Amino acid sequence: NAGVTQTPKFQVLKTGQSMTLQCAQDMNHEYMSWYRQDPGMGLRLIHYSVGAGITDQGEVPNGYNVSRSTTEDFPLRLLSAAPSQTSVYFCASSKARGRMMGYTFGSGTRLTVV
Amino acid sequence: GIQVEQSPPDLILQEGANSTLRCNFSDSVNNLQWFHQNPWGQLINLFYIPSGTKQNGRLSATTVATERYSLLYISSSQTTDSGVYFCAVGYSGGSNYKLTFGKGTLLTVNP
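Line order of the protein sequences matches chains A and B. When we follow the working numbering, the leftmost residue of the first sequence carries the number 1, and every step to the right adds one. When we follow the working numbering, the leftmost residue of the second sequence carries the number 1, and every step to the right adds one.
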């Protein structure tokens, strides 16, 4: 049982490049989400999903796209990277129905845009 | 949206001391979780506690939902307790699984 797996752990992009941050969970969780963490800002919600085929915007969605084609995977796409997207990105999952339990986080992706 | 305030922002302790971290929130919640982010950046769920009291070893948490606050108690602190502690809440008027995070309390435990 691997939990939540994020790849890559580190990435450096040039302004304007695109990339996809991968997130996979093996706990059959309905809810998956992406957060970014910036110094002094806590964690802010980018996008989230409550099941395959369903996604919605969080607090800071601009510049990011997501899709949820399977229960297990929830990739985050940066279409044209900007220096303001330099951050640490965390994927999290949890049950969304029935007996609620806590979030499980991935280990994070540290992204630098130069 | 719902506001989450954590206090104190920073706390320095000697090993063996006890501490209380506080989380105030601005509206009714049906989901409240405490997390520990260790110095290597890993986020670990400590408690799912929308109301009541829970204990896990040296850590315990209490949420008084009617008064809109939660407390995290750390007893006999150890250097491995160092890191940032986050409180996160789910608004009752929204989705109980979508969490808003506070800015955290940075705890340093010195040997």
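Possibly wrong hints are sitting among the right ones.
[Claimed, not checked] Capping the alpha-carbon separation at 25 Å, the derived lysine to aspartate or glutamate pairs in DMTMM-like fashion look like this:
1) LYS95/A to ASP27/B
2) LYS103/B to ASP38/A
3) LYS103/B to ASP26/A
4) LYS95/A to ASP56/A
5) LYS54/B to GLU15/B
6) LYS9/A to ASP38/A
7) LYS14/A to GLU72/A
8) LYS9/A to GLU59/A
9) LYS103/B to GLU59/A
10) LYS103/B to ASP27/B
11) LYS95/A to GLU30/A
12) LYS54/B to GLU5/B
[Unchecked claim] From chain B, some residues computed to sit far from chain A (all C-beta separations above 12 Å):
13) GLU15
14) ASP27
15) SER76
By construction, these hints were calculated from the structure, which means they are not laboratory data. Being a predicted model, the structure only gives us computed values, none of them experimental. Glycine residues also receive a C-beta, built at the ideal position from the N, C-alpha and C atoms.
Tested hints:
no.	hint	result
1	LYS95/A to ASP27/B	holds, 23 Å
2	LYS103/B to ASP38/A	holds, 10 Å
3	LYS103/B to ASP26/A	violated, 29 Å
4	LYS95/A to ASP56/A	holds, 17 Å
5	LYS54/B to GLU15/B	holds, 23 Å
6	LYS9/A to ASP38/A	holds, 16 Å
7	LYS14/A to GLU72/A	violated, 29 Å
8	LYS9/A to GLU59/A	holds, 23 Å
9	LYS103/B to GLU59/A	holds, 15 Å
10	LYS103/B to ASP27/B	holds, 17 Å
11	LYS95/A to GLU30/A	holds, 5 Å
12	LYS54/B to GLU5/B	holds, 21 Å
13	GLU15	holds, 27 Å
14	ASP27	holds, 16 Å
15	SER76	holds, 24 Å
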